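Engineer: Note that the protein sequences, when read in sequence, are chains A and B.
Basically the numbering used here = 1-based index in the first sequence + 11.
Basically the numbering used here = 1-based index in the second sequence + 11.
Careful: at least some of the hints might be erroneous.
Claimed, not checked - With a straight-line cut-off of 27 angstroms between C-alpha atoms, the simulated DSSO-like cross-links for lysine-lysine are:
(1) Lys312/A with Lys296/A
(2) Lys296/B with Lys281/B
(3) Lys312/A with Lys276/A
(4) Lys261/B with Lys154/B
(5) Lys107/B with Lys133/B
(6) Lys296/B with Lys57/A
(7) Lys165/B with Lys228/B
(8) Lys276/B with Lys165/B
(9) Lys173/A with Lys190/A
(10) Lys256/B with Lys312/B
(11) Lys312/A with Lys57/B
(12) Lys281/A with Lys296/A
(13) Lys296/A with Lys57/B
(14) Lys261/A with Lys312/A
(15) Lys57/A with Lys312/B
(16) Lys312/B with Lys312/A
(17) Lys57/A with Lys57/B
(18) Lys261/B with Lys276/B
(19) Lys107/A with Lys107/B
(20) Lys312/B with Lys241/B
Please keep in mind that the hints were generated in silico from the structure rather than gathered at the bench.
What you are looking at is a predicted structure, and each value in this text was computed from that prediction instead of being measured.
There are 2 protein chains.
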Amino acid sequence: MTFSFTTLGTASALPTVERYPSAHILTVRERFFLIDCGEGTQIQLKRAGISFTRIDNIFISHVHGDHIFGLPGLLSTMSLMGRTAPVFIYGPSAFKPYLDFFISYLGDGIAFPVNFTPVSYKEPSMLVEFNNVEIFAFPLRHKIETYGYFFREKEPALNIRKEKIEAYNLTYYEMARLKEGRNVEREDCVLQVEELTYKPYEPRCFAYCSDTMPFAKLADWLCELSQYRKLDLLYHEATYDASDKELARKHFHSTAADAAECALKCHAGKLVLGHYSSRYRNTDKILEDARAVFPETYCAKEGDVFDIPVSRLL
Amino acid sequence: MTFSFTTLGTASALPTVERYPSAHILTVRERFFLIDCGEGTQIQLKRAGISFTRIDNIFISHVHGDHIFGLPGLLSTMSLMGRTAPVFIYGPSAFKPYLDFFISYLGDGIAFPVNFTPVSYKEPSMLVEFNNVEIFAFPLRHKIETYGYFFREKEPALNIRKEKIEAYNLTYYEMARLKEGRNVEREDCVLQVEELTYKPYEPRCFAYCSDTMPFAKLADWLCELSQYRKLDLLYHEATYDASDKELARKHFHSTAADAAECALKCHAGKLVLGHYSSRYRNTDKILEDARAVFPETYCAKEGDVFDIPVSRLL
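Please model the entire structure based on the sequences and the hints provided.
Structural biologist: As structure tokens, this is what we get:
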């Protein structure tokens, strides 16, 4: 029941000796979702011990080089390793010529299907769903068309309380109905869902917001997407600290405080920061700025794993 | 008077946690020549402490991804760092569409001129020269069109032996003539170049051979290019060890022994190996195979610097 976020790259446009360009993995149970794919992603994936064969879906926020230059190498390597299963890529439509060029230039070099789904939404919209997770996209505010992604576990089927099975001598038909959340009418009584079942765990959710300048609607959208419950984990870019707020505005980026204010407004459980400007040797000031607003802030480093444990509700 | 070779990436097609794709720097005095530019080159350059601003010339051996996927990121970063000076790139003509695509896709993202010179030779030919070094290209034998590069310091101007200046009371005119290697006729005698001058140092040379399968002509060409003197340093790919010789032939690559035989035949001073298959966890067997044929062999690691000191001839 893993639900965890791994940061493979925390640099912004200019990488440093310690910081790689943007790349992240959200692990939802057996699936690895790759979010952005900066130069060096394939090496960072190996360092993190993440199997390429379990990456089927790649989400691209925008077509700046530090978010996409690792894709040709990753796809080539997948192919050299014998992959035949398709890869699904989601991103702004401007990503398509880039992908088309590579697939044509590499020719036989990519021996599996690559399916691209252009993302083009003015407000949060369901993008794709799998058996246990739904993924939404929403526009961010950056120099070019950019999307954030929201991952939400689906509501689990209800469990029947063991002691009630015998007490009410439940039939399979009745149990199936109750698991779907529907009351069961008997001749002498009504079997109430609330009494006989429980939700086994609280679905978890995660939002990815990079690159973006702050805008008021963002926190509203995140509240809506997390269905007004807790947003377990928010990843938000924090390219600058408070001393460089003007630069942040000029380049359509956020400061650490901007990210923290968003986390506060959308009732995040945890805030993880990244995408740091190369001007900062360390993230002390970034962390300090953000924690002043939102104490549950963490500055990501390469290879960090932020785990959201499941909350059993028994 | 530096003349040194730095290996930034020693992987072949599949990088590993320790090994980056192909990228190398030949330093000739104040100039850094970049040879191949695999994914992660910009980060490896930073690790090696090499200033991007002193890289003006980039040599591409062939258009396989592990030799070129680092170029878009490197050029973008150069531009973000404010570069305005042109970059000169040399490589097979198949590289041009790749370069053209990026320059057009990145638009304003590359704010300096990029000049591409297609390489298309059937035998060793002078490609470009600078004030103290000449660079030649020669074809290699690989799956696709591939070139090796040969760097040779120019012959230095002769020095006048100090004690002869006074002994013969030399004029500036006479000294200038002698430095050019020409005898000077006086009324009473002939001033002999051999007696009055000396060559201050022996020009150094370096050859880059990757990717290639072995072929007989290669050593002949390298002898010719080094003017039948010592080839100070030969970098030769050694993708496989002797146990995988069949794979080497199948994939148009060399074994360590192939590389060593080439070094022996062309009278190399030192042989440096790289481009190792990811199947080998370490290079022990590669080194053993090569040293059995050519003892002065070294297996490159990321960040290694192979220095060729100048031989003063005073």
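Engineer: Check the structure against each numbered hint from earlier and tell me which ones fail, lowest number first.
Structural biologist: none
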